[in-house]
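Trainee: Take a look at the letters that make up each chain.
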Amino acid sequence: MPTFWLVVLLIALAAAGFYGGRRRAIATAAGNVKNLHSLPSYYGYHVALSAFVPAIAALLVWLLAQPMFIETRVSGMIPAAAVPESSSIGLVMSDVRRVAEGLDLAVEQGLLSAREARNAVAGEQDLRALMGEVGVALGSEVRPEVLKAAQAYRNLSHAGRTAMTVVVTLLALGGFASAYVRTHKDFRARNVVERAVLALLVLAASLAILTTVGIVLSMLFETKNFFGLHSWTDFFFGSTWAPNFRGGSELSILPLLWGTLYISFIALLVAVPVGLFAAIYLSEYASGAVRAFAKPLLEILAGIPTIVYGLFALLTVGPALADLFGKGGLLGVEWMAGATSVLTAGLVMGIMLIPFVSSLSDDIINAVPQAMRDGSLGLGATKSETVRQVVMPAALPGIVGAVLLAASRAIGETMIVVMGAGAIAKFSANPLESMTTITTRIVSQLTGDTDFASPETLVAFALGLTLFVLTLGLNVLALYIVRKYREQYE
Amino acid sequence: MNDMTLMEKTVETQNIKIAAKDVNVYYGDSHAIKDVNVEIEDNTVTAFIGPSGCGKSTFLRCLNRMNDTIDICRVKGDILLDGEDIYDKRVDPVQLRAKVGMVFQKPNPFPKSIYDNVAYGPRIHGLARNKAELDEIVEKSLRRGAIWDEVKDRLDAPGTGLSGGQQQRLCIARAVATEPEVLLMDEPCSALDPIATAQVEELIDELRSQYSVVIVTHSMQQAARVSQKTAFFHLGNLVEFGPTGQIFTNPEDPRTESYITGRIG
Amino acid sequence: MTDLSQNPAGAAPRKHGGSLLEKSPHTRKRNAAETRFKAYGIAAITAGLIMLLVLVTTIVGKGTGAFQQTFVTLNVELLEAKLDKKGNRDLADIKKVTTFGYAPIIKGAMEAAIEDLGIETSLKSKELAGILSKDVAAQLRDYVIANPDQIGQTVEFRFLASSRVDGYLKGRVTRDSIVNDKNISAEQLDLVDALAAAGVLEKTFNLDFIFGADASDARPEAAGIGVSMLGSLFMMLVVLALALPIGVAASIYLEEFAPQNWLTDMIEVNISNLAAVPSIVFGILGLAVFINYMHLPTSAPLVGGLVLTLMTLPTIIISTRASLKSVPPSIRDAALGVGASKMQAVFHHVLPLAAPGILTGTIIGLAQALGETAPLLLIGMVGFIASNAPETLADGLLAPNSAMPAQIYEWAKRADPAFYERAWGGIIILLLFLVTMNTLAVILRRRFERRW
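Residue numbers (the numbering used here), protein chains in the order written: chain A, 1 to 490; chain B, 1 to 265; chain C, 1 to 452.
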């Protein structure tokens, strides 16, 4: 792992820089620390940072950029004729990478000399068997174009790796040297170090922006590819979801959106009344002891991972509902075919959202000024009249915001619907039928065998982007409403 | 109003509306009100004065059991309204508070329209049989709150949009709308500017004709201006209670004198 | 004074004329409404608590079985004729005998045991061995390869019973439920009863479930959560190593240094929105950026850790900022007053005082990340058998592995209901971790909470 050793080298250089810089600073001050502009350790940090930061930054950028560079160079080498009818350049390139990896492993294990690997010609040796021996399984014989591309891939990777090592090491040494030379008792080491630290802090904070940009870009690119392969009118306005890996899929989001919204609606139907009444009781009626007991217990529900709720839906709630409504069930009706259904997922998701709604509403109800309640009670209103006619109207905007946040949670929830909702995309009003959602389809299209050149896989990115926009919109709206509400009472 | 009118005030004896006997109030471990005895008369404005933290507001809140809403607060002793103990088990505080209305320190109109603010009390107590009656009650209350002329054209506007003084008069109108017999006012002018204060004080004087009014105030001048009886509280004790003129001109207790002359407070 | 004040009292109608001591019918009606309303509240709380109770009892009730496993103790004669025909103990020769070749030995051991105990049975030797796990042959072979000198000896082994037998002892499998089951018959269950009575077959604590590796579809009795636990551990290491420093640095900047400008606003908006982005979207990001673009290995805990880091960052930033904010400005002023730079004031004084709060927030963030499943599905941490425990740090980070929640999902998807017990058991372990972490956070908060 050369990169690993490179990083170790950088760390070692930084450590050496710290001691070297420190010692040199003290030496220039003739051993008297008081003559220094800054504390001695700042001179150390200065040298260490100069050696480490530019080099590690270059290393990271290089690691990010090199694959893209090599990929474009190598894929340019493959003639269009070498791409089989049923395949794509992407698939050929993954073959190329596998072969290159296999050659690397073969050299590493001594099965091939470096020279043999470089000069191997397809057909002369049984490369497929060789690859198999080092654990790289190939679907077919290695074709000459692929082998050539793989060798070029290896050469470029090796050259890139070497160049990277050289550049990074030079940068580190250069940074070390220039900082070391500048180290002098009048040098304002502290100011420089502090500016560098501040820059690092800004960088860390900007990661949030970078993540958002990453999310949007990664989905946007693939979505663009998807719309190149599939009509966007079918995606947004079609009526059927029927992916078919042999082509001719109908990929419309509408039936998925229907399932998503229906399940979220049922979840809110459970969570909002229970959560809201729980919040009202806790904030207006409950004694301190009850509050101290019930509130944390309810909040445990919020801390339980969604996989647990998913399992609960799949193995407990679903079968229980099927026992009630299914064939041979207690009610003697035959309304439910299997354990998965909109109701199964909705109920369990509702349980999950109870503490979410209740703790948000609790905060919001508590923000209603006591003077409001006093005013009402002072007129002879009962507590419930006060809550219903004064506190609730005053808290309404905030509670609407809380419900919107809960809705956004419900729409983006994955595990419960993956395990409890089913896989059939359809428009139906029957909550006992199984339906599917946007998130479940993302999971099923992106797990297992995926081919990033087919619309059936790429549609997941379009779904993801839609989901992102949908939840983001809800969140922004909810946060805006809640903020406006809080300002009103501040 | 000035000192001259104060001197001229005739103190007529009225029926006793509220009688407090040996009232003690505890907040958890702290003893907030100690053995207070006081008799509040009908058609009179009674002022509670005293330095902050002396218990005057606490005592006021005992009179319509607003202290019930505070968990750690305990009240001992008897408070009789028209001869009936308001802390009796059979008494429903809801019914009591309809009889003993309250106006608070900070104007606290509900986030509803002006009309709904005033109609709130009559609605919950079922005082109006139909919309026409309710309209009548609202208009009468707003007139009695001396704010009708200012809001009659915008009854649907939110109560929170009024100025501070208007809000407080709206709150008084809201309290009056439930047809109380006693009006408790907890420093009703402390959040108002001088002009609004003057308007509210004038209103209080008018209200005396129909209600027994108890007002807690920080301002001795205000007590002198609006009240006929004054009670001086100090450290939870009722130090002195008597006709306002007497308390301000000829206090019996040295502590009262110190407070009035500004040595403690 | 107005005219009004001169009017005699009593002009106003007194509508509450009745005694206070009697409740009017209207008041009674209102009090009934009050009671009802209060009852709704109590009902809501009770409903929430009942759901919690049902959830917990279901988990405990269905999951504790996974911590018990049925074993059969057998004396096995390691026949030289079968295992090392040449007799020269050459490891290469011994390795040539496949697990298939061990089947007769196991059958023989079963027959011998039954004879010793004097149990009457009409079962054939193959059916006798059927009550044992399919894992047994491999276990035996591993032992022989590790101890070739034992060939020819008789050794006592503790073998896993098959999942049907295990289920029979736990009450999951009954004589009614196996009527159409090809894997077990009523006669075999009779044998199981006899062996259990003889003490050869018994249910004991199942350490292998906690520390063992996953097993294939046919061997639920051998599946354990240990390897995926390591996968989770390595992911948490990545999250801790990245999210804590980055989160703290970002919080320090935003709370202490950030000027009021568009960049700061932008960062703030982004952080609050990222906190609410569905976790599956982070999975898509991980797949597109870390795997498809950067070609990091699929199913690697490193990638999982990176994705979870991005997810956890907003949580850590929000709690760190709260604890930085709770350090009063007077501390900063005091440090600046003695000539410290702003950076020194923050790093020497504010940060140490905020450390307990930061730690608490970090633990809670880690607990959240530990239970997260959806993004792991997309970066390939399910769908295979996590069978090998990683041996080195690099292996732990880069070799394909699963994670606890992903492993639970994997079990829940499998056809054999015996895996469901494993899934519930896995949840118990996962929840134990979460409870421990949250308790730690609460203790830290209590211990170091400071009121300024």
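Source of the hints: derived by calculation from the structure; they are not laboratory data.
Virtual Cβ for every residue (Gly too), placed ideally from N, Cα, C.
Please note that the accuracy of each hint is not assured.
What the hints assert, rightly or not - Restricting the straight-line Cα-Cα distance to at most 30 Å, the calculated cross-link-like pairs of lysine-lysine (DSSO-like) are:
#1 A:LYS484 - B:LYS112
#2 B:LYS89 - A:LYS383
#3 C:LYS62 - A:LYS295
#4 C:LYS82 - C:LYS29
#5 C:LYS38 - B:LYS89
#6 C:LYS95 - C:LYS107
#7 C:LYS38 - A:LYS295
#8 C:LYS134 - C:LYS182
#9 C:LYS29 - B:LYS131
#10 C:LYS29 - B:LYS112
#11 B:LYS140 - C:LYS23
#12 A:LYS383 - B:LYS106
#13 B:LYS112 - C:LYS38
#14 C:LYS23 - B:LYS21
#15 C:LYS170 - A:LYS426
#16 C:LYS170 - A:LYS327
#17 B:LYS131 - C:LYS23
#18 C:LYS96 - C:LYS107
#19 A:LYS383 - B:LYS140
#20 B:LYS140 - C:LYS29
#21 B:LYS112 - B:LYS76
#22 C:LYS182 - A:LYS327
#23 C:LYS96 - A:LYS383
#24 A:LYS484 - B:LYS106
#25 C:LYS82 - C:LYS107
#26 A:LYS295 - A:LYS383
#27 C:LYS38 - A:LYS383
#28 B:LYS76 - C:LYS38
#29 A:LYS295 - C:LYS96
#30 C:LYS325 - C:LYS342
#31 C:LYS126 - C:LYS95
#32 C:LYS126 - A:LYS484
#33 C:LYS126 - C:LYS170
#34 A:LYS327 - C:LYS62
As the list claims (entries may be wrong) - Chain A residues, not near chain C, derived (Cβ > 10 Å throughout):
#35 LYS148
#36 THR165
#37 PHE187
#38 PRO243
#39 LEU330
#40 PRO369
Trainee: What's the verdict on LYS23 (chain C) and LYS21 (chain B), does the C-alpha distance respect the 30 Å limit or exceed it?
Mentor: holds (24 Å)
Trainee: Next pair to validate is LYS131 (chain B) with LYS23 (chain C); report whether the Cα-Cα distance is within 30 Å.
Mentor: The hint holds at about 26 Å.
Trainee: Could you grab the alpha-carbon distance between LYS96 (chain C) and LYS383 (chain A) and see if it respects the 30 Å cut-off?
Mentor: The hint is violated at about 83 Å.
Trainee: Does LYS106 (chain B) lie within 30 Å of LYS383 (chain A) when you go C-alpha to C-alpha?
Mentor: At roughly 21 Å apart (the allowed maximum being 30 Å), LYS106 (chain B) and LYS383 (chain A) satisfy the hint.
Trainee: Do the alpha carbons of LYS295 (chain A) and LYS383 (chain A) lie within 30 Å of each other, as the hint requires?
Mentor: holds (21 Å)
Trainee: Compare the distance between the alpha carbons of LYS182 (chain C) and LYS327 (chain A) with 30 Å, and conclude whether the hinted pair is satisfied.
Mentor: holds (26 Å)
Trainee: Decide if the proposed pair is consistent with the structure: LYS484 (chain A) and LYS112 (chain B), CA atoms, cutoff 30 Å inclusive.
Mentor: holds (18 Å)
Trainee: Taking 30 Å as the top limit, are the C-alpha atoms of LYS82 (chain C) and LYS107 (chain C) close enough?
Mentor: holds (13 Å)
Trainee: Can the restraint linking LYS140 (chain B) and LYS29 (chain C) be considered satisfied, given a maximum Cα separation of 30 Å?
Mentor: Judged against 30 Å, a Cα distance of about 27 Å means the pair holds.
Trainee: Does the structure keep LYS29 (chain C) and LYS131 (chain B) at a Cα separation of 30 Å or less?
Mentor: holds (21 Å)
Trainee: Given the hint that LYS95 (chain C) pairs with LYS107 (chain C), test it: the Cα-Cα distance must not exceed 30 Å.
Mentor: holds (20 Å)
Trainee: LYS148 (chain A) clear of chain C by more than 10 Å, beta carbon to beta carbon?
Mentor: The assertion about LYS148 (chain A) holds, with a minimum of 21 Å to chain C.
This entry does not satisfy hints 4, 15, 21, 23, 29 and 32, going by the numbered hints stated previously.
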